[in-house]
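Colleague: In case you want the letters, here they are:
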Amino acid sequence: MKFVGFLLEDVAGIQVYYIIGLLIFISFFIIILYRTLKMPKSEAESIKNSLFNDDEKEENNASSEDLKSSNN
Amino acid sequence: MELQKFYYDNKIVKQFILATIVWGVVGILVGLIAALQLAWPVFNFDLEFLTFGRVRPVHTNAIIFAFVGNAIFAGVYYSLQKLLKTRMFSDVLSQINFWGWQLIIVSAAVTLLSGFSTGKEYAELEWWIDIMIAVVWVVFGWNMIGTMIVRREKHIYAAIWWYVATFIGVAVLHVVNSFELPVSFLKSYPLYAGAQDAVVQWWYGHNAVAFFLTTPFLGLMYYYLPKAAGRPIYSYKLSIIHFWALIFIYMWAGPHHLLYQALPDWAQALGVTFSIMLLAPSWGGMINGLLTLRGAWDKVRDSATLKFMVVAVTAYGMSTFEGPMMSLKNVNMISHFSDWTIAHVHIGGMGWNGGLTFGMLYWLVPKLWKTKLFSERLANTHFWLATLGMLIYAIPLYWAAITQWLMWREYSPEGFLAYPNFLETVTQILPMYMFRAVGGTLYLVGFLLLVYNLFKTMGAGSFVNSEETQAPALVNDQSRQEAGETKHRWLERKPVWFAVFAFVALAIGGAVEIIPMVFVKSNVPTISTVTPYTPLELEGRDIYVSEGCYVCHSQMVRPFRWETDRYGEYSKIGEFVYDHPFQWGSRRTGPDLARAGVVGGKMYKNAAWHYNHFQNASSVSPGTIMPNYPWFANKTVNLELTPSKIRAMQTLGVPYPEGYDLRAVEDLTQQGQAIADELKKANIEVEPTSQVVAVIAYLHKLGKDISTNE
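Just so you know, the sequences run in chain order V and W.
Read left to right, the first sequence gives residues 465 to 536 (our numbering).
Read left to right, the second sequence gives residues -16 to 693 (our numbering).
Note that these hints are calculated values from the structure, not bench results.
Note that CB positions come from ideal geometry on N, CA and C, so glycine has one too.
There may be inaccurate statements among the hints.
As the list claims (entries may be wrong) - Covered, in the sense of this in silico footprint (three residues per stretch, anywhere, with C-beta under 8 Å from a C-beta of chain W), are these stretches of chain V:
no.: 1; segment: 484 to 495
no.: 2; segment: 506 to 516
As the list claims (entries may be wrong) - Partner residues are not named here, just some residues of chain W that face chain V (Cβ under 7 Å, in silico):
no.: 3; residue: LYS65
no.: 4; residue: PRO209
no.: 5; residue: PRO215
no.: 6; residue: ILE216
no.: 7; residue: TYR219
no.: 8; residue: LYS220
no.: 9; residue: ILE223
no.: 10; residue: ILE224
no.: 11; residue: TRP227
no.: 12; residue: PHE231
no.: 13; residue: VAL495
Isolated chain W (complex conformation) (with noise of 0.2 Å):
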């Protein structure tokens, strides 16, 4: 046969690898600062730039895009070239692939420390660099699929499987939550509203995890964790089972983060029922990782890219046992909202994607660089610390959740709650928040160690960019099932029939959850009373997005008796249909907020309260970890941008009358005026559209729709 010469490109892997090195320290940097942060509110530095509510986007898109991004890139490159005997299709794709990647998370960086947020979770970035990751994520699908159509090896191997679901997944994911309206350069709203918007978000927020740190993921671990033991995979059944009932299965999920919330009862229970039967391909995928090192055990005694892997693969069984653990609703009960939630997705993203980068780079760059691994010792030493640190970092954020969780459903013998200052359920786990600050702070030292590890390996190498290498050409292709050919063996070798099917598997799951959501009036029971926000409110609902607030505080009221003692009336779904994006979020930090403007509620607080928390919170909240806002006092409302906003609320279907755009800045000065007027009882001087004045307008609306009190 025919043997054909040609050379792996070995420089984009380095270029990833590098990057992936870089962002690493960042993310997880920015990841201490935000610990820090929670411990010790002075790290805030009262700039607007480090509040906790710009620094903790940056934490995870740094982390989960940056970091785990350029790493899924560099295994992918290096792995898929080797596994299909060829080069990557194109150069000039790759290299727009890296290049691009790393211009989304400069762009991300700024916008998101600038305070340019759509206030959606993992998907905070603007529009124009929404466009910008689809091009690239589409660059990289077309490098990926033209690689496998010029490959010189006759079947797919199951990491390319995984590979090829990835491309599709975040692609679909991607392009359907980030529907926005732009209003200019750098402030967009959401194409969905309320609960529509809520649906999608968390169908996408729980596909990202299951896309683009779990499937590539699982790709990875079956290229590099039987290349790094020596032995094949424990079972190619298995792999074929657990694939397709993994990918089918996922996109049915997402509405687990939505259980007691304001969601048809359907969609919660659809999400159950998917998050429970998710553990079976999810362990299906751990044990053929972990029965892969069957008769190699010995092997991980020596090896730190070993044990890192076992760690990984361990602590992906754990947080995929977990995860529909945490679906069930009563359970869910009490890790929505309190920080079981944040210690969860840290197994699996220190230990998981962590420990796998971590063990791919230890295997990976002597292998590219042609040397040995600088000193063994000192990648078991990261080995420890970094395993350390993830177990510091999370037993005391499940201690911390248990507790918070118990204090705030206490009950006083007379019948009222035992803790009603939510303030005190937050200081009684600072202790555990101090804890995991040290748990991060290992975490980071043991990656800096690999950092020198890996450099001084890399500048003890030789490294050649175009590696020259053989293999036979592919001939005879037969298009039809060969005989005694099973059918999945023959989509092995139809790398596009096979991404259509994976395409199909995963699509159903989506559709079933969004079309009915979307499209089915009944789902959104709306609500008279409710009016959309005035231009004021509007203003101050953008700078409440803008900044970060949904991170900290939630405005979802689930129907428990005490949810509704402390906050109110509990949260209907016709509430916040003109809530473009909705603000519902995920952990209370802080007290929820969706009964703020319900005056004579217990969550009322006057103008003056607002203005003084804004300034120094904790001259009115002694102990609070809230950031301070001094800026909002002196900053003013961009009025320039106050018509086309109502505008892009037109068209979204917000019920502002014909031409009100004209009138939107002469309303927004009088109510803020109003405001200002109040301020002024208590000796506070602001411009009536100042941004302070703006927040409280939007704080003040909050409820108020369908509030009795009045």
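Okay, chain V solo, but in the shape it has when bound (with noise of 0.2 Å):
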């Protein structure tokens, strides 16, 4: 870590540096922004479905309590 302390004590500037961390965020952004909008609907869609190719089923709601007064 003495390294990177020698080579940060003197540069000058240093405070501006975030300025190019934001800049590599944007462009990123960007680009993923670019490539996933590209992506065709109905891939994305098969993908959020892919939640439910499991064993589980899917129940309503009603409680045994409610169950049982309708039940009465």
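Taking the hints as your guide, dock the two standalone chains into a single complex.
Modeller: So, in structure tokens, the structure goes:
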């Protein structure tokens, strides 16, 4: 870590290097945004629905108390 | 295709569910006690173990790490197995994760109540508990990544992206913020000092909210909300964009907790910029959650699970709108040090984390116990109690925040502070504190209904520890990108690469924030008159830290006229270079103490006043809500530890002369004797090495070094 300290101690204008980070983020963001939006809708739909490709049965939310009262 | 038979590990999910329920009761109950203490100080009971300064960290740690932590593990262990169509990678690792985590929680509660604290908010635990957390967290990650590797599903679903980010984010935050030098089994000092410690701590504090209270819950939302609604998530594309944007941006925003404080301007600007940017990916998540319910709102009417989830996502949207707004310097000027922040975090905690946990439990318990929920009606009652409780908690606190801030900055026509006595601004808002306790009570009663409802459900159902199921084996998984496959889709079937990319995304912000603050010397200009603490002052400081004084008293005068008029000269970054840890605080329930040692200053009180204040605070400040600390006068400083504390400080770079550790106790006794002699003039007899003398010495050091009054 001393090496990092040595490098940074005298870097002039270090305060502005977060601007560089900001630019890195924006460029990556634009690339990801563009590529994601280009993805075919049908593919996105099948991916979304993959959540339900398991062995679970989706049940209604009626409670045992509700069932009891409806049986009565 | 070959069908493989395997067994889901339901037992580990059950264990974490039970732990969530038990720690939920404890965490909320302790929170209610803390709320009562603030409204009626008699609830401190004059007991060392029950003072607000110790109870409050127990509440925050119990809610964050015990209640929410166990809920995360319960939700992850269930959904991960279902999503990857496999049993958890290792039952042994699962059990180490569970029992290790419970051991950490118990150790945390015992040490914090006993007054062993590092004094860093939400990271108060001592060094050996920090090591336990790191080990258990690695076990969790190992188990999770192992499960991904042995999966039967080709791609990892969006929920798991968030789980991965959570594992990496928390690991990085916890390790970097926990670098500390042990002095004994129950005492350590952080490696960083002053402004550097503040930046690291609030980078951690802010991102603990991000990677412990947000990302895992977004993962849970991506699984449990569509499951409970019976509809897929609204947009897969949106989930990609808001995932990467959110984990990248969050890490940069920590300094918004330190606006107008002793921190370089560039760091403050960084915090503000990225906090505003955070609004977009946060709302991406909220929109994806709420729009999942499009066309299914009729189900919300009947289902308490969905009702809780809707409130959770709405509270998430409110909090993540409010957060960036609070990061604007002109808003932060009001919200920081006031009850606004407390209200803000409780909208997030009670609404988002609580709501989603309750919704998840109401869905999960009947499913695991193969029965119906015992009573939907009780669950709906819980929903209304929790929602009303949250509002009755938060609205009075917003009111209190604005009222108190207006009083702090009010001037008389003659140009003097209209409320120069800080206490007046506290007694004014006590009715709001009483309402807060009512809100907390409602929330607790609602939670107890959940406990009853779920235990009745469990009793009526049957539970299978290992549930048999089958799925096709995963074959022919190409390592290269297939034709027509998007980059992200490729990444979704490469969990290790996914984790590496996630690490890079979130590490950039942390590095940008911390490396310059720690290594660039010009960021922390030193002040020649600032000297290290004397051994007695150091011991007094350690008591101040362990008692959690920082939860009510700040040590940071911001450069506003209404603060400098009340407290004295505004704080400079160079004043804190020997502060391991920094004690700037985040809420002023009591006045700022940064200038408590400036003789002739507005905040200076003599030794006898402090003694009487600790013995019986209301005898010198009628109407105060400060707890009494009568044991300070009877208990003495542990002198056996003083030399090793001096040596530890030397290791951390504090310039005590060589061999000073051997003279430290002598100097300590000498300085203590002078204070004891001063107290004797007021007919107060104390030992020169008593705790009260040490704390008085410390308070009289605050601000003295840059004072020109002497």
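Colleague: All the hints need checking, so say for each whether the structure fits it.
Modeller: Here's how the hints hold up against the structure:
With 6 residues bearing a CB less than 8 Å from a CB of chain W, the segment 484 to 495 of chain V meets the requirement of three and the coverage assertion stands. Given a C-beta distance limit of less than 8 Å, the hint that chain W covers the segment 506 to 516 of chain V holds, as 9 residues qualify and 3 suffice. Annotation: interface hint on LYS65/W holds; nearest CB of chain V at approximately 5 Å, less than 7 Å. Among the interface hints, the one on PRO209/W holds; its C-beta lies about 6 Å from the nearest C-beta in chain V, closer than the 7 Å criterion.
With a least beta-carbon distance of about 4 Å to chain V, the hint placing PRO215/W at the interface is held under the 7 Å criterion. With its C-beta approaching chain V no nearer than about 6 Å, ILE216/W sits inside the 7 Å limit, and its interface hint holds. Checking TYR219/W against chain V: minimum C-beta separation of about 4 Å stays under 7 Å; hint holds. Interface hint status for LYS220/W: upheld, as the beta-carbon distance to the closest one in chain V is roughly 5 Å, under 7 Å.
About 5 Å separates the beta-carbon of ILE223/W from the nearest beta-carbon of chain V, less than 7 Å, and the hint is met. Interface hint at ILE224/W: satisfied, since its Cβ lies 6 Å from the closest Cβ of chain V, which is below the 7 Å cut-off. The beta carbon of TRP227/W comes within 6 Å of a beta carbon in chain V, closer than 7 Å, and the hint placing it at the interface holds. Given the 7 Å rule on beta carbons, the hint for PHE231/W holds: about 6 Å separates it from the nearest Cβ of chain V.
Taking 7 Å as the C-beta contact cut-off toward chain V, the hint placing VAL495/W at the interface holds, the least distance being around 5 Å.
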